[in-house]
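K.L.:
Now for the letters of each chain:
Number of protein chains: 2
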Amino acid sequence: MTLPDLDSFLSPRSIAIVGASSNRSKIGAVPVRYLVEYGYEGHIYPINARADEIEGRRAYASLGAVQAPIDLAIFAIPASSVSAALDEAIAAGVKNIVMFSAGFAEMGKQGEQAQAEFAARANAAGIRVLGPNCLGFMNVARAVYATFSPVVGTGSNTPGHVGIVSQSGAFGAYAYAMARERGLGLSAWVTTGNESDIGVADCIAWMARDPATRVIMAYLEGCRDGRKLREALDLARAAGKPVVVVKVGRTALGALTAASHTAALAGDDAVFDVLFRQHGAYRARTIEEFFDVAHGLAVAGLPPNTQVGLLTVSGGVGVMMADEAADAGLDVRELPAAAQAMIRARVPLAATHNPVDITGQVTAEPDLLEATARAMLGEAGHGSLLIFLAAFGATPAMRALQQQLARDLRRDFPDRLVAFSTLADAAQQRALEEAGCLSFTDPARAIRVMAAMRFFLRDRETAVIRAGAPGAAMAAARDAQAAAADAMAQPADSPAIAAQADAPPAALRPTPYSEADALELLTARGLPAVPFHRAHSREDAIAGANALGYPVVMKVLSADITHKSDIGGVVLNIRQEKEAGAAYDRIMAATRAAAPNARVDGVLVAPMVRGGVECILGARRDPALGVVVMLGSGGVNVELLGDVTFRLAPVDLEEARDMIDELKTARLLRGFRGAPHADVEALAQAIVRLSRFALAAGDTLESVELNPFVVLPQGQGALALDAVLISTQA
Amino acid sequence: MTLPDLDSFLSPRSIAIVGASSNRSKIGAVPVRYLVEYGYEGHIYPINARADEIEGRRAYASLGAVQAPIDLAIFAIPASSVSAALDEAIAAGVKNIVMFSAGFAEMGKQGEQAQAEFAARANAAGIRVLGPNCLGFMNVARAVYATFSPVVGTGSNTPGHVGIVSQSGAFGAYAYAMARERGLGLSAWVTTGNESDIGVADCIAWMARDPATRVIMAYLEGCRDGRKLREALDLARAAGKPVVVVKVGRTALGALTAASHTAALAGDDAVFDVLFRQHGAYRARTIEEFFDVAHGLAVAGLPPNTQVGLLTVSGGVGVMMADEAADAGLDVRELPAAAQAMIRARVPLAATHNPVDITGQVTAEPDLLEATARAMLGEAGHGSLLIFLAAFGATPAMRALQQQLARDLRRDFPDRLVAFSTLADAAQQRALEEAGCLSFTDPARAIRVMAAMRFFLRDRETAVIRAGAPGAAMAAARDAQAAAADAMAQPADSPAIAAQADAPPAALRPTPYSEADALELLTARGLPAVPFHRAHSREDAIAGANALGYPVVMKVLSADITHKSDIGGVVLNIRQEKEAGAAYDRIMAATRAAAPNARVDGVLVAPMVRGGVECILGARRDPALGVVVMLGSGGVNVELLGDVTFRLAPVDLEEARDMIDELKTARLLRGFRGAPHADVEALAQAIVRLSRFALAAGDTLESVELNPFVVLPQGQGALALDAVLISTQA
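Chains A and B, in that order, are what the protein sequence lines are. Residue numbering for the first sequence follows UniProt numbering, starting at 1 and increasing by one per position. Residue numbering for the second sequence follows UniProt numbering, starting at 1 and increasing by one per position.
Same shape as in the complex, but just chain A:
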């Protein structure tokens, strides 16, 4: 996989259309027509054995007949013909193929096999493939229309700076039409279909390097290679290009539908959430939000800070905006006293804290608007400003005034986000956008865009903080960009990922691990666990308990029994030697009764640990997305409240601390109701070590769970009291 190939793909100097036709009802007729109509400047070679020319261009009998370099071949032919066409393409030295043809992996096993064979042959010949079962792509700036989507026929899109990549053709076409309707200019548009070769991640990576693209919109239904997706998102982040994603299949019901309809494996949705967040991509929940955010980024760019100024002519709507802003976690801080005094001097009844309500007075003195806006962007230093003008903003005079104000504010405060909320027709909307400002009838939509902007700003701040010093941010971004580009060229770990996966590979054995085996191995890898004694006899168990000191706990040791408590395999709070012997007998009898065929390795004896705050630590390998590290609150909370948080490994100390803060019950760890502060740092260390352990185990790990993991009072560390380790069975 090399990026230069994708450049020749998306910016080809010559395009052959296999299956080109003069019959406009045929799919093969469409791209030829688009390329000619929209003025593609490269060579166009229609391939059709029974035509002399198509759309005024000379037609060729075969790819071989072209006798010139072919950067891109479009296969607008049925699935039954693609194999022969590929032979031709290989012989003719074609570099890239876009395959509209349906009838592959989306049709079941047989189609999947045919698709894999095609992809393998193309790959062996060094040919990159987009599709099959896709709508193709467009490079709008270069008038490359390698698509048969009818949506292009109903009007072209203006060239711009937003790149759209969609797995789904239908959604891609809809996105194209929506962008056109909104006047949102596109750089590139790609649908990836079955992704036999090129996937969404490749396209994001390409757009991250494409100078015409400044904002990336990605629509995913599934992902088969989480690492590639993460690397692509890192590239976009390093290039300073915000990525807005929609990933469908969020809820259980949704995921069920996805599995029944797409050829891609839908991963666990919470993990996708984490993946996007960790790699700086904003996940939109609806189509409207997807476009509002991308459009906002394209028109106005990111503001310099997360402070939001709310300016209103209606007190009540000011309150609504404040509500929405508070919900979105925006920074709605009060104006400096001098700015407030200035506004009150002009409007004695004005609310001046923020929201600033200049009241109906503005109808008599429209210049109040500019004076207040300047105070908020100037003295108050708000990064974003939202101006609600109610019906008042819809008069012709006020429309003109807003346009002027938009231009003036962006001239004097070029880095700020200014959004107007009033009734604006399409022309007014465009005029405000041309000035670099946004316009929404409902101010809540502007707030939602500002919330997304906050996400990107905080993501950048985090990057700066982790790079060590504010000044180092840009350098770090540059380094990451360069290194990530290398990583793409050679399919290795991206440096961010490799840097922390510092544990050497350490495969797990394929045979089952008992609790004792698991605890020993984890302890060896630096994870704190309770000391214990393995006992193979009654006497040994008693001796172990005596040695450890009472009270102790005793548990049956068997790799075949997962739920030890359920079968009576656990006795807690054994206080003396006599109880220890009885406990041993009880456990053995219960185990024989409940699991007569289980291989029993005796019992595990460990001291009773009291106090501390119980958590659950875990990691599992997601086949598509990689190793997922989990922290949950213990006891009933994880089950009852789903109080759990995830990260993709590697997890560093900062991230581990963030995970802890994300727990709903985080306060339990911080001296809740007079309890001692728990040793949060020991917990964070354990998360990092578990992440390393899981990464080092690679494909040999299924899952590992430390439950309960008790966090003792500050300075006393933390301890796993039990562990379940499941390796990939041979």
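The set of hints was computed from the structure by calculation and includes no laboratory data. Since no wrong hints were added, every one of them can be taken at face value.
Between beta-carbon pairs, the in silico distance windows are:
(1) Phe672/A to Ser537/B: 34 to 44 Å
(2) Asn573/B to Ala675/A: 11 to 21 Å
(3) Asn597/B to Gly611/A: 36 to 46 Å
(4) Gly674/A to Gly642/B: 16 to 26 Å
(5) Ala675/A to Arg586/B: 17 to 27 Å
(6) Gly674/A to Arg599/B: 20 to 30 Å
Covered by chain A, according to a simulated footprint, are these stretches of chain B (three or more residues, beta-carbon under 8 Å):
(7) 240 to 249
(8) 441 to 454
Virtual Cβ for every residue (Gly too), placed ideally from N, Cα, C.
With chain A's structure known, arrange chain B on it following the hints.
P.N.:
Positioned in the frame of chain A, the structure of chain B alone reads:
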């Protein structure tokens, strides 16, 4: 307060405009012009001593000079002139006044006083007042334009079936303009401003009876009379008219702003949430949602069931819709096998469960759309159908097809909600709406409307269940309507409220209640509490402990000490006589040290209660909204997770059970992890009794809290272990 007056208000046969002017820049010129231009059919009397005629109508020197009945006088005059004008109005027998004049309660104490004096004088003369500081109102169907809002000057609204009432003038004007832009026809539009007399609740009640109004939109910033609001909402519910509300001041930040800007007292927002839910009003969170829901109700009405069919041409967007629907709690059930088979026979690759994905095949066979839609509305019986057509739906041919389909489906399934999602221009949108169908670019907005419809449907179902039998529903609604109308005529409890407040009034004493006083009183009112012994001496305490049986708990008894544990005033788990004496000594010493001035009434001795599930029960009187009953989960959950739920009293058994189910930790009460099932019925009973107790206490109650309230295993009941009762201090 009588409703006929409001009829003469909103449908006046004659209108005098005090402050009428020929100078169009004056506020007093505006209503005269609107009334003349839009063809008001009643008498128009411009009042102006220095003009002969205004807008072609004869002007009068004073209200007295009119010498004819005046249903409505508009005061378009400064605050300084209203007192004299009121004298004139009283003398002339004016029935109603709308006061545009600003400078009253919104200006502070002095204005508040002037407003109260004006209202009292008007009230004494039997005159109803809208305002001051409002934009007035319109009765669109009767061309009554008693407003000076410039928004009416930019175009009139088509008469229709949606009534809008807004406390805020600016928001009201915006809502008027938004309705006009959407083609949403209005019946009436009222802004209530400072609400010196007529408030939002009065207008809702009037609209509930107004034959032209079918859907009510209400915008509130605060509420000073919760009972009236509840009665008004009950009237609308009984009349089968859905009410959609926006109440601003949701979050702490928002509420802060509301308090600084509005003359009305903003109540606790969670209580408003509960008030709206209990009385069947849907609370919208944003302006867009406010209009989407009201518009949907006006265009299509409520569907017959909560089942939603999702029909898509894009699998991925089908998944998105399913996600949104699942989040919204909609019933997305699978199609019957026969319907699925029919669809698969035509499109072998179709997903047929629900969402139904008819794939790109629809471009070749557009009639697939109708066949599938009919299967979903017919065989599957879906109450609502959402059809996503991507870009494909935007072609001229498909637009025509959708219009035809919309008409056909509504003809054959007149009670169903059908929504299209594709790109539709304004004309297409109107055409679909005229056929009774909805249209949204983003299907998520359609789902949001369907979620609101579900809210109304479930509210009706609950009403049916509570009425006892399905057939009784309509009768119950009629009864409620008639009874509620009575209630409006005589300001008494609405029957629904009165019926359950069956406890006779029982005022609390104004002096403080100790824990023992509170427990005794609550026990007398049927609330279960732990048995206890009041002890005034060491010996008495020991005797009490001996009598109750060990282990016991001992607590200091003092109405002056609320946080007994904090000062060392509580000793738990006293196991024997010796410990009891020591505990008494320790408590007395600690109390003397920590609260030397507290009046101490000895100690309370009670048995230690172990086991059970801890809850918190409480009630407080909200000065504006009435008695709020609270149930929280006990221990750390209420504080850590805010696991709490509210109802306005009276709370019946069904509602009490619903409250229990609403707790995030409800499963703890239902035998979580092998624990015994708790006596949930005893808890529900206690909630109902606490509601009755609080209602009976009326204005003498500040708040009462039973914490912990322990719910024992099934059949064993429940017990308050502690109680704090705060009465209104004399």
